[in-house]
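> Sequence:
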Amino acid sequence: MSGNEDRVAVAAADVWPEDAEADETAVVVNWFAREGRQVDEGETVCEIQIEKVSIDVPAPTDGELVEIERGEDDELSREDTLGWLAPD
Numbered sequence: 001m002s003g004n005e006d007r008v009a010v011a012a013a014d015v016w017p018e019d020a021e022a023d024e025t026a027v028v029v030n031w032f033a034r035e036g037r038q039v040d041e042g043e044t045v046c047e048i049q050i051e052k053v054s055i056d057v058p059a060p061t062d063g064e065l066v067e068i069e070r071g072e073d074d075e076l077s078r079e080d081t082l083g084w085l086a087p088d
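Taken in order, the sequence shown gives residues 1 to 88; the numbers are from UniProt numbering.
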């Protein structure tokens with residue numbers, strides 16, 4: 001892989017509720033996929049929790065999960081990237 005241009009972000013903003021407060025943070029509850037695993041578009045790759053609401057985070061495309069940026073129990077904001085996929 002030649003760099004970031006070959007990767008697709010698994011972004012918190014894609015699933016962040018519109019009614020969530022701007023300063024709210026979330027926590028990564030669980031990763032269902034591990035680095036190096038092939039995933040299908042729409043497949044749940046991880047779960048985050050905002051307040052008391054759990055949200056499944058789907059893969060934005062088919063590909064290999066090449067990097068996890070936020071591990072389990074890590075806090076994150078709406079702007080954060082959870083991980084990166086190398087699309088098929």
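To be clear, the hints were calculated from the coordinates, so they are not data collected in a lab.
A portion of the hints provided could be inaccurate.
As the list claims (entries may be wrong) - Below, computed lysine to aspartate or glutamate pairings styled on EDC-like, alpha-carbon distance capped at 16 Å: (1) Lys52 / Asp73; (2) Lys52 / Glu79; (3) Lys52 / Asp19; (4) Lys52 / Glu67; (5) Lys52 / Glu24.
> So, for every hint listed, does it hold in this structure?
Each hint, compared with the structure:
no., hint, verdict
1, Lys52 / Asp73, "holds, 14 Å"
2, Lys52 / Glu79, "violated, 20 Å"
3, Lys52 / Asp19, "holds, 14 Å"
4, Lys52 / Glu67, "violated, 27 Å"
5, Lys52 / Glu24, "holds, 12 Å"
Checked against the numbered hints above, the structure breaks hints 2 and 4 and satisfies the rest.
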